[in-house]
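Residue 502 in the UniProt record's numbering sits at position 502 of the first sequence, with consecutive numbering throughout.
Derived from the structure by calculation, the hints contain no laboratory data.
Every value quoted in this text rests on a predicted model; they were computed, and no experiment measured them.
All C-beta atoms in this analysis are idealised placements derived from N, C-alpha and C, irrespective of residue type, glycine included.
Take the hints with a grain of salt, since some may be wrong.
Mimicking DSS-like on lysine-lysine, the simulated pairs with C-alpha atoms at most 25 Å apart in a straight line are [unchecked claim]:
hint: 1; residue 1: 383; residue 2: 366
hint: 2; residue 1: 498; residue 2: 618
hint: 3; residue 1: 488; residue 2: 584
hint: 4; residue 1: 488; residue 2: 574
hint: 5; residue 1: 498; residue 2: 462
hint: 6; residue 1: 668; residue 2: 488
hint: 7; residue 1: 459; residue 2: 568
hint: 8; residue 1: 574; residue 2: 643
hint: 9; residue 1: 574; residue 2: 584
hint: 10; residue 1: 623; residue 2: 488
hint: 11; residue 1: 498; residue 2: 488
Here are the in silico distance ranges between beta carbons for each label pair [to be verified]:
hint: 12; residue 1: 488; residue 2: 604; range: 19 to 29 Å
hint: 13; residue 1: 418; residue 2: 470; range: 30 to 40 Å
hint: 14; residue 1: 389; residue 2: 488; range: 31 to 41 Å
hint: 15; residue 1: 446; residue 2: 477; range: 16 to 26 Å
hint: 16; residue 1: 587; residue 2: 468; range: 13 to 23 Å
hint: 17; residue 1: 560; residue 2: 161; range: 12 to 22 Å
hint: 18; residue 1: 449; residue 2: 530; range: 41 to 51 Å
hint: 19; residue 1: 418; residue 2: 145; range: 25 to 35 Å
hint: 20; residue 1: 112; residue 2: 555; range: 50 to 60 Å
hint: 21; residue 1: 179; residue 2: 391; range: 42 to 52 Å
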Amino acid sequence: MPRLTPADATLILDHALGDPSVPAAAAHALLAALPFPSDPTPRLRRAVLLRRLAADPVSASALDTLHLLASLPASPSPSPSPIAAAHIAVAGFLAASAPDFDAAAAALFARPDGRVRRAVDEGGSRALASDDAVATVEQFEAAVGNSFSQVVLRGLWGDRDAAEERVRELLAAEWAGMGPSLLEVAAERIVGDVAVGTWRDADEATRAKFRVLAGEEKTREILVKLEESTSRVNPISTPEVSKVVDALKTSCAELHSVVEDPLPAAKAAADKVLATRINRTVNLNAEGGQPAACGTAGPSVLNERNNGPNKGAPPSLMDWNPTARTFQWEESPDPEGSEPALRRPHLPSPRRIPVSPLPAAENKNKRRRARKWCLLEEETLRKGVELYGSGNWKDILSNNPDVFIGRTPVDLKDKWRNMMRGIVRPPTTEKAADILLEALFSACQNLADEASSLPNEQKEFKLYRQHVDNLHQLAGDYDSVIICLGAKACSLPELANKLPLRTCRGVIAEFQLPSDTVEEYGNQSPSILSDAWMAFQGPRTVSIGSTWQWKSENYSSTVSDEEALTAKDELLPKASGVYPGISKWDFVHARAGIRAMPPLTTNGSLPLLGCLDEMVGKKSNCKFWLVGGLGARGLLYHGLVGKLTAKAAICCDENVIPSEFTCWKGIKPSQ
DNA sequence: TTAGGGTTAGCA
DNA sequence: TGCTAACCCTAA
C-alpha cells in the first residue's frame, strides 16, 4: 500500500472537489481527511470557493468569496458576466437589507474605500466591473443620507431570493466551465483519443502500468491501433528515422522513470479515503492489496461486461456514482460503431459539454418587472427635458442618478412619450401670448355665437392683429376702444405722462423641494399671502413673490443671475416668517414682469377706469376707455372692471362706473 | 444613443 | 376585453 503523499492529496482534492456531482458532505469529509496542499491547483482553488459560495450564497462572507473568485484567472465571460451580476446583487442586498442603511451603504459603496466600489472601480477587478455594477455603486453612494433613494433601492435590491438567484446562476456557469481534473487529463492520455501516442512513447514497464489501469480489453484495443498506426504512419523506414524514433522512445522512458505517473497512486489513495470515510461498511482488507483490488480503472459498474457489481471491491472514484449527473459528459465517439457502447469498457472522455446556467432563450426573453414611475421621477424628467431638451435622455439620466434608479435612457424616452400622449405641450414664452390671445378670442367668439342664437340678436366677432402707433389710427373704424395695456398704456403718445401710474418691476422666484426630501407640501395646504406671497403649484413647487423695483423701465421677463440672487435674498426671509419650512426648498429660477401701480387713495390702490375722451381729444365719434392700474391684482379685479367698462361703453355713460374707480382723473400724474 | 413600432402585464 | 403604462426590439 503506497503511502499517501501531498501530491496524491492534491490530485484527489482536485478531482473530487471540482466535480459538482460530489456531494458537499463527501467534499467536507475529503477536506477533513486530507492535508490541504500548500499550492493548490487553480481548479481546486475555484472548486473550494464555489462550494463555499454554494453553502453561503448571500452574506458578507459571500462577498469575500466572490472577491476571491474574481481574482482567479478566468476565461472571457458573456456581458454582463455572471460574477459581476452576482457580486452587485449580493452587495446591493447587504446594503438594502441592513438596519442602518447609511452605514452599510457607506462601507460598501462610498468613495474611496467602499469595499464594493474598490472592486468595481478602475483598478479593481475586471471580472466584477460592469456598467450596471458601476451605476449601482453610484446609486447606493448617492443614497447615503437620502431617504427617498433608500426606499427605492430597498425595493430594487432588498430581495434576498433575487440575490441568491444571481449567485446560483454564477455557480451554474462556473461549474459548467470547470476544466478537467488532473486525473481526468491523465486518464485521457492513457485511454482517450491520444492513447495511441502515449502508449507508443511508453517503455514496457510503463505500458504494464497502463495495462492495469486500462483493463485488458482496452489495452488490446489500443495495442491494435498502435500496431496499425505504426505500419501506416511510418512507411518510410530509413536508418535515420529509426534512430530518431529510438532516441525519442529512450527519452520518454527516461522521463517516465523519473516522473512517476500519478494516476495509479492517486486512484488507490482516493479509493482508500472514500472507502474509509464514506462507505465504512466495506472491508478494505478483505481483498488484499488495494491497487490490484481496484481492478481496472475504467469500467464502471454499469459498463461491466457481466453487468454485476464489483462485489467485495471498494468503490472507486471512477465508479458510477448514483447521484452523479452524467449529462455533463460527452461520450467518446465510437468510430467503428461495431460494438454497443454499453458493452465496451472505456473511460469517459473528460471533455465537457458547456452547460448554460439558463437556456439562452430564457435569458433573452427575460423581461423586467414593470415598475410604476413615482411623482418625483416624473417631475425630475420634466425638469430634465426643460434643462437638457427632449431627446437627451442619457444626459437627463446621468445627471439624476439618485432619482432614476434602475431606469435606462430608453425608459426615460418611453416615459416622456407617455407623459406627452394626449397632452398639449406648454407653449414657449414667445408663443404663450399668441395662444392666450387666441384663447381669449375663442371665448369671445363663443359668447357671440350664444348671443346670436337668441331672437333678434346678431353678433359678429372678429380678431384683428394690427400694430398701431397712436389711438387715432383706430378712431375712424370703431365706436368704442377699450385700452387694456397694463404698464404699457403710457407708451401711447396720447396717454404719455397723463396717467397716474407708476411702473414697478417685480421678480418672482420659483423653489422646489430637493429630490431627496420625502416630505411634501400638503395637497390641502393653502397658498399664503403675506409680506411675500407663496403660490404652491403642486406639492413640490412654489412661486414666491414679489420684489418691488419702482419706476423700473426694464420690461424683460428674463432675470440675470445677480438680480435673481438679490430677489432670493429679499424674498426668503419674508417667506420663512410664515413658512419656516421654505429653508428646505431649493431655488430653481426667477422670472420678472412690470406691473402698473395706481396711486394710493383713501380707498386703497384701486384700478383706473373711465372715459379718456378729454385726455385723447375728441376728433371723431369714437370713445376711448381705459382699464389699467390693476397692479398685481388683475385676477382679483378683472371680472368687475370688465363688466363695468363694458356697460359704460355700451351706454356711452361713464357714470355707470363707481366714482372710486374714476376719481384718479383728479390726480396729477407724478413725473 | 435615440426614435419609433411592437409586446406584455396589470387593471377596470 | 380593451386600454394604458412599462418595457422590448431594431434600424439608423
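Taking 25 Å as the top limit, are the C-alpha atoms of residue 623 and residue 488 close enough? holds (20 Å)
Given the proposed pairing of residue 488 with residue 584, does the C-alpha separation stay at or below 25 Å? violated (38 Å)
Assess, step by step, whether the Cα of residue 574 is no farther than 25 Å from the Cα of residue 643, and give holds or violated. With a Cα-Cα distance of about 36 Å, the restraint between residue 574 and residue 643 is violated, given a limit of 25 Å.
Between the beta carbons of residue 112 and residue 555, is the distance compatible with 50 to 60 Å? Between residue 112 and residue 555, where Cβ atoms are some 52 Å apart, the hint holds.
Has the given pair, residue 498 with residue 462, been kept, meaning a C-alpha gap of at most 25 Å? Not OK: residue 498 and residue 462 at ~31 Å, beyond 25 Å, violated.
Is 41 to 51 Å respected by the C-beta to C-beta distance linking residue 449 and residue 530? Given range 41 to 51 Å: holds, Cβ gap about 43 Å.
Taking 25 Å as the top limit, are the C-alpha atoms of residue 498 and residue 488 close enough? Holds, because 13 Å separates the two Cα atoms, which is no more than 25 Å.
Could you grab the alpha-carbon distance between residue 459 and residue 568 and see if it respects the 25 Å cut-off? violated (49 Å)
Per the hint of 12 to 22 Å, is the separation of the Cβ atoms of residue 560 and residue 161 within bounds? At 56 Å between Cβs, range violated.
Does the Cβ pair residue 418, residue 470 satisfy 30 to 40 Å? violated (51 Å)
Within 25 Å, alpha carbon to alpha carbon, are residue 383 and residue 366? violated (32 Å)
Holds or violated: are the alpha carbons of residue 488 and residue 574 at most 25 Å from each other? violated (30 Å)
Against the hints set out earlier in the document, violations occur for numbers 1, 3, 4, 5, 7, 8, 13, 16, 17.
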